[in-house]
Structures are given as structure tokens and as C-alpha cells.
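Numbering (this note's numbering), first residue to last: 12 to 401.
For the record, the hints were derived by calculation from the structure and aren't laboratory data. Hints should not be assumed to be uniformly reliable.
Pairs of lysine-lysine, DSS-like flavour, derived with a Cα cap of 30 Å [said to hold, decoys possible]:
id	residue 1	residue 2
1	K395	K89
2	K384	K300
3	K276	K229
4	K276	K91
Between beta-carbon pairs, the in silico distance windows are [to be verified]:
id	residue 1	residue 2	range
5	K384	G303	17 to 23 Å
6	F50	S222	50 to 56 Å
7	F117	G303	36 to 42 Å
8	L105	E355	32 to 38 Å
9	T259	F121	36 to 42 Å
10	L105	K393	21 to 27 Å
The beta-carbon is built from N, C-alpha and C at its ideal position, and this holds for glycine as well.
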Amino acid sequence: MSSITKNRIESIDLLKGSVMVIMALDHTRDYFHYSAFFFDPTDPTQTTLPIFFTRFITHFCAPAFSFLAGLSAFMIGKRKSPSELSSFLVKRGLWLVFVEIIIISFGWKFDIHFRHIGLQVIWSLGISMIVLAGLVHLPKRLILVFSILIIFGHNLLDNIHFEGNILWAILHEVKLFEWTQGHYFRTAYSLFPWIAVMSLGYCFGSLYDTSFNAEKRKKILNSLGFGSIALFFILIAINEYGDPVQWTNYGFTTKTLMSIFNVNKYPPSLLFLLITLSGTFLFLANAEKLKGKLVNFFCVFGRVPFFYYIIHIYLIHILAAFAARFTGFGWQALVLPTFITRVEALKGYGFNLITVYIIWISIIVLLYPLCKKFDTYKQSHKEKWWLSYL
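Turn these sequences into a full structure, and let the hints guide you.
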């Protein structure tokens, strides 16, 4: 039974590590790709299939983060009382919100004036944990119903708008607000339905009880994975509900295909979550018996995801500053007043997609020794409470 438990944990670490590595590809593209400053990589009318795929594959990351955070919360809760788990989730949630606004925002911009703050994935994880802290006191069936209703029903709210309403934007719209003169924040990761994805992951935690049959777990996760894909294509065929923008038949296979898969991430639509969470379900269902050096490589990143997340942002930005310096733009151009791809002065900076991939692989190779060293420290010092926040 202990080896089975170990396999279960490794499959989760493997998924975490895999999406962490993939996530860095998108951030590398933002900071190094020439065309990122000229058009949206998912716009079928302007992009190419390689650029579109480079962006699309990274869509799987945030839903996996949120789902696995909920699953991890369930596992932590097995060692704590509901009140202790709630306390932990609130404290960790507040910590993540602080890190997003201060440490990560600075990492993205290198702007000591904090002229632009993005409420992004770490923010959404933090707030979702605070909400989950209250939900864990409810029966699990009610939590499951809550999660499903929000995931499947939140697109009904797409046509509801409250101009200038910060609370509504935080819940369901991407908006830019000026909170003081010259200083803005953007609700990039609206909370619907990220909080529901995390609470859904919490409900799935019981699948990883040591008493739960491995084959039954595999069957359930495979059924959910393939079922989500099937439902995705059913809704695509109907083309009436599930995404705020309907797909377009361009009369050209590649463009039409990209339009079909150009699902809305901000906020995540039902179609977005169906196609991305299907990958999470299928990966977890079929990864438990995977072994080898490559698995161990990815698991290292999966065991220290928060540490990796922070340092990868700073490393990418520092390398981009060097690239700007040696391509005639100057490193000062990488002190950013807003998100990098919206900086007009950087149009013309950057490299082709192949170079972006080479830089991405180099970044992963550079980060591996640091993550492995921190992982070793973390595993050998489990008595240190503060490590649970990293």
C-alpha cells in the first residue's frame, strides 16, 4: 500500500512539474518573441499554427494549478481538523495575495513605482483558498454542487456588466482600474470560476485515499477526461453556449481549427475549462505508473512549484533585459509601466519562435539545480512550518 501511495503522490508532482515547465514557455514567449508585440498569438486572422499552439498548450497550466491546489488542501485536511485547515488556508491565501501584489508584480515589471499591478494566477489561488476555507465546513456533496453550478453556469453572466464596479470585475470581468493617479490594477484573473475549480479539486481528494482502488480511480478520471472532451465538441457543434465568443468558419481548415480552440481564458469559459481540465483528468488517470529519470526531473519542479514560479519570473525578466541591452533597445526599456507586450517602445524587439524555444529550454536547465537543491532542503526539514508556504 505504501508504494501505491507513493505512486499517487508522484503522479501529482509529475503533473505539477509538467505544467510548471510548460508555463515558462508562455512567459518566455511574452518576453522574447518578436511578434508578441504586434498581435494576439491566438488570433486566427493574424497568427500561425506554431505560434497558436505555443500559446494554447500553456492554457492547461492555470486550471491544473487551481485543481491540484484544492486536491492538496484535501490531503492536508486529513491531518488537521476543519478549523485548523481553514486557518491554514486563510493564512496561505493572504500570503499568496501579498506575494502577487508585491513580489510577483515587481518581478513582471521591475518598476519600483508599481504603476501597473496585475491580479493574476497567484492572486486567484490566494482568494480561492480563502473561499475554500469556508467551504470545507460544508458537506462535500454541497461543495461539489457549488463547484459544478459555477463552472457550468457562470457563462450565463457574460452579458451582465456594471460599469466601474470593482467587485463585479473581480468576480467576472477583465477590467483596468486607476486606484490612484498614474497607478492601475487589472483584474486579469477574475474569480469566477477559479474558486470553483479549486473546490472541485478538493472534492476529488477522496480519490487519493489509501483505501481507494487504483483501477477505479483510473476509470473515473479517464471517464471524466474523455467525457469533458466529448462535451466540448458537442457545445462547439451547437455553437450557442460555453464561451463569450462563438467560433468562426473561415473556409480554411487551419484558421477554423484555431478559431474552435481559441477559447476564452479571461475569465475562463466553460469551453476553456472542459478542454483544459480534460488534460488534467487524463494525465492523472494514466501517469501513476510512469517512472524514470525524466519523471524525476519534472517531479523536482512539482515539489517546489511556488519557489520555482517566483524565481522563473525574475530570471526571464533579467535575461530579457540583457537581450534588450544587446539588441539596441537598452535594459531600461525592460522597466515596464504595463505588461510587456503593450509597451509601444518595444515593438521591433525580440526573436523568432525557434530562438524562443531555445531560450525556454535554457531557462529550465538553469532553474533545475536551484529547484533540486531547495527540494532536498524542503524534504529534509519538514519540521519547519514556514516551508509549507513555499
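Regarding L105 and K393, is the given constraint of 21 to 27 Å on their beta-carbon distance met?
holds, 23 Å
Given the hint that K276 pairs with K91, test it: the Cα-Cα distance must not exceed 30 Å.
violated, 34 Å
Given the hint that K384 pairs with K300, test it: the Cα-Cα distance must not exceed 30 Å.
holds, 25 Å
Given a hint of 32 to 38 Å, does the C-beta separation of L105 and E355 actually sit inside it?
holds, 36 Å
Range agreement (Cβ of G303 with Cβ of K384, hint 17 to 23 Å):
Holds - the Cβ-Cβ distance for K384 and G303, about 22 Å, lies within 17 to 23 Å.
Cβ separation of T259 and F121, checked against the hinted range 36 to 42 Å
Once the Cβ atoms are compared, 39 Å apart, the range 36 to 42 Å for F121 and T259 holds.
Do the Cβ positions of F50 and S222 conform to the proposed distance bound of 50 to 56 Å?
holds, 52 Å
Straight-line alpha-carbon gap K395 to K89, limit 30 Å
Holds: K395 and K89 sit about 19 Å apart, inside 30 Å.
Just to be careful, I want the Cα atoms of K276 and K229 compared with a cutoff of 30 Å; is the pair within it?
Within the cut-off at roughly 28 Å; holds.
That 36 to 42 Å hint for F117 and G303 (C-beta), does it hold up?
About 38 Å separates the Cβ atoms of F117 and G303, which means 36 to 42 Å holds.
This entry does not satisfy hint 4, going by the numbered hints stated previously; all others are met.
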